[in-house]
Amino acid sequence: MSANSAVTNDLTQKILPFLDPHLGIQLLSHVSAAGLYADADIAKAQYELASRTDMVDRAIELHKKAFPSESAPESLTSRKEAIAGKGASLSQDAEKVLNVVKEPSVASVLKQDRAQNVAFLQQNHNITTDQIESLYNYGYHLYASGEHSAAATYLYHFSAVSPNSRLHESALWGRLASDALTGEWEKALEDVRLLREHIDGLRSTTSVLVGGSSSELTHEAVLQKRVWLLHWSLFVWANHDAGRAKLVELFLSPAYLSAVQTSCSWLLRYLVYALIATRRTTRTFVIEGASGQSKLSTHAALRELSRTIQSEAHRLQPDPIVDFFRQLYIDLDFKKAVEQLAEAIKLAKADFFIHAHANEFEEGARALVTDVFCRIHQKVQISELSAVLAISPEEGAKWVSAYLADRSDAKIDTAAGVVTFVLPHPNVYQSVTEKTRTVAARTGSLVNTMERHQADDDEADEEADEAEEPAGDAPETTSAPAA
Numbered sequence: 001m002s003a004n005s006a007v008t009n010d011l012t013q014k015i016l017p018f019l020d021p022h023l024g025i026q027l028l029s030h031v032s033a034a035g036l037y038a039d040a041d042i043a044k045a046q047y048e049l050a051s052r053t054d055m056v057d058r059a060i061e062l063h064k065k066a067f068p069s070e071s072a073p074e075s076l077t078s079r080k081e082a083i084a085g086k087g088a089s090l091s092q093d094a095e096k097v098l099n100v101v102k103e104p105s106v107a108s109v110l111k112q113d114r115a116q117n118v119a120f121l122q123q124n125h126n127i128t129t130d131q132i133e134s135l136y137n138y139g140y141h142l143y144a145s146g147e148h149s150a151a152a153t154y155l156y157h158f159s160a161v162s163p164n165s166r167l168h169e170s171a172l173w174g175r176l177a178s179d180a181l182t183g184e185w186e187k188a189l190e191d192v193r194l195l196r197e198h199i200d201g202l203r204s205t206t207s208v209l210v211g212g213s214s215s216e217l218t219h220e221a222v223l224q225k226r227v228w229l230l231h232w233s234l235f236v237w238a239n240h241d242a243g244r245a246k247l248v249e250l251f252l253s254p255a256y257l258s259a260v261q262t263s264c265s266w267l268l269r270y271l272v273y274a275l276i277a278t279r280r281t282t283r284t285f286v287i288e289g290a291s292g293q294s295k296l297s298t299h300a301a302l303r304e305l306s307r308t309i310q311s312e313a314h315r316l317q318p319d320p321i322v323d324f325f326r327q328l329y330i331d332l333d334f335k336k337a338v339e340q341l342a343e344a345i346k347l348a349k350a351d352f353f354i355h356a357h358a359n360e361f362e363e364g365a366r367a368l369v370t371d372v373f374c375r376i377h378q379k380v381q382i383s384e385l386s387a388v389l390a391i392s393p394e395e396g397a398k399w400v401s402a403y404l405a406d407r408s409d410a411k412i413d414t415a416a417g418v419v420t421f422v423l424p425h426p427n428v429y430q431s432v433t434e435k436t437r438t439v440a441a442r443t444g445s446l447v448n449t450m451e452r453h454q455a456d457d458d459e460a461d462e463e464a465d466e467a468e469e470p471a472g473d474a475p476e477t478t479s480a481p482a483a
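For the sequence shown, position 381 matches number 381 in the working numbering, and the numbering has no gaps at all.
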């Protein structure tokens, strides 16, 4: 893969707008090590992100790298003293509450119902709602200052007791980012689950408090939260042992697959990678939908992915990993697929979220080529398969032996150099179940699309009406999720 194609295939600039600055700095550190861009450009981008946080020392350090001939802005050094003073003040209030909620006798009686927890703390320990919020304020301060491990502790205890829905969600985002940045992958996996549960529980008619006034949560706001979760969760899927399978389960759930198609089709790269890397070790995926859980076989997941790529083909940008799957599984062009696979493997080894498992992807991709080729031909010459895989006959014989080691649906005649496959009979019940799920998912996606179009039309009508009236105060907007 040439330097130009490496930059073209790099998704950093696509992903960064959907990340918190702290996560963005970590992503850029990998890009810097990969040498895709000039060091000065990376330093400037990292400085821009750091300047939006309270990590003043880091910002000053990055400023020196980005602008070696310039002094650090005075605003940075003055902020450092103010931030230190603020932290000392916030820590006193938060420490009192933390000491109470961490007591085993208190922690053991706290429940999932946060309103009940607040009542318990008020009645038994004279802790007010404002005091509870001091946990959030100090946790947020610690996070902004780059003390992610300590921040996670305060935000965890706050999210367990706070009745404030807006701050509760913000604390969950902060917990996820903190646990991801400190490598606490089991905790981060739980953070993703809680955030998803919270987001999926929202409705477009939910009344939320924004800037002290009530505001309706729109379809677009819920969609935005899902898009952010899809991007933030990549850090977890790349590092947790079960990450690849969990990625497939999240990305293939109807609401999130619709979000990918609507707002971030570039993430299909990671769905293709994860499905190929896990298809031989994961028999079924558990998919959460509006009507509950359903199980999806690996074959059904591949078909769902192929339908999605076909439907999005008109707007997908070239991507070696996605293009490999399309040429193999949809176009059945083995020659182009294998050529594209070489580029896909190079890309997998360079991508921040894939490189640690690039070998799993490579092995899974070759197995998928073999599967598709053998399903078409049933009786296969090992020499012919070796040619398709672009490997020598000797390597092909070794590959086939390893490939068939855990399969009972194939027989190999070593002397003749032939492999014969027995195609399984389809499970009618499973086929009907999977088709029903697909119809339901696509119906839900269609309804969401129609509702969004209707909302856009209504908004356009309102703007047209307002254009004829004197201008009033600008409405407050909800920002991207805060960590």
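Be a bit skeptical, because a hint or two may be false.
[Unchecked claim] Derived pair list, reagent style BS3-like, types lysine-lysine, alpha-carbon separation capped at 25 Å:
1. Lys-349 with Lys-336
2. Lys-336 with Lys-411
3. Lys-349 with Lys-379
4. Lys-96 with Lys-86
5. Lys-335 with Lys-346
6. Lys-295 with Lys-335
[To be verified] Computed Cβ-Cβ distance ranges for the label pairs, DEER-style:
7. Glu-103 with Asn-359: 25 to 31 Å
8. Ala-40 with Gln-122: 52 to 58 Å
9. Leu-202 with Gln-293: 15 to 21 Å
10. Leu-202 with Thr-414: 55 to 61 Å
11. Arg-203 with Phe-67: 45 to 51 Å
12. Thr-218 with Glu-339: 43 to 49 Å
13. Arg-203 with Pro-68: 49 to 55 Å
14. Ala-342 with Gly-85: 55 to 61 Å
15. Ala-38 with Thr-218: 25 to 31 Å
Source of the hints: derived by calculation from the structure; they are not laboratory data. Bear in mind the structure is a predicted one, so any value in this text is a computation, not a measurement. Yeah, the Cβ is synthetic: ideal placement off N, Cα and C, and Gly gets one too.
Against the structure shown, which of the earlier numbered hints fail to hold, in ascending order?
2, 3, 6, 7 and 15
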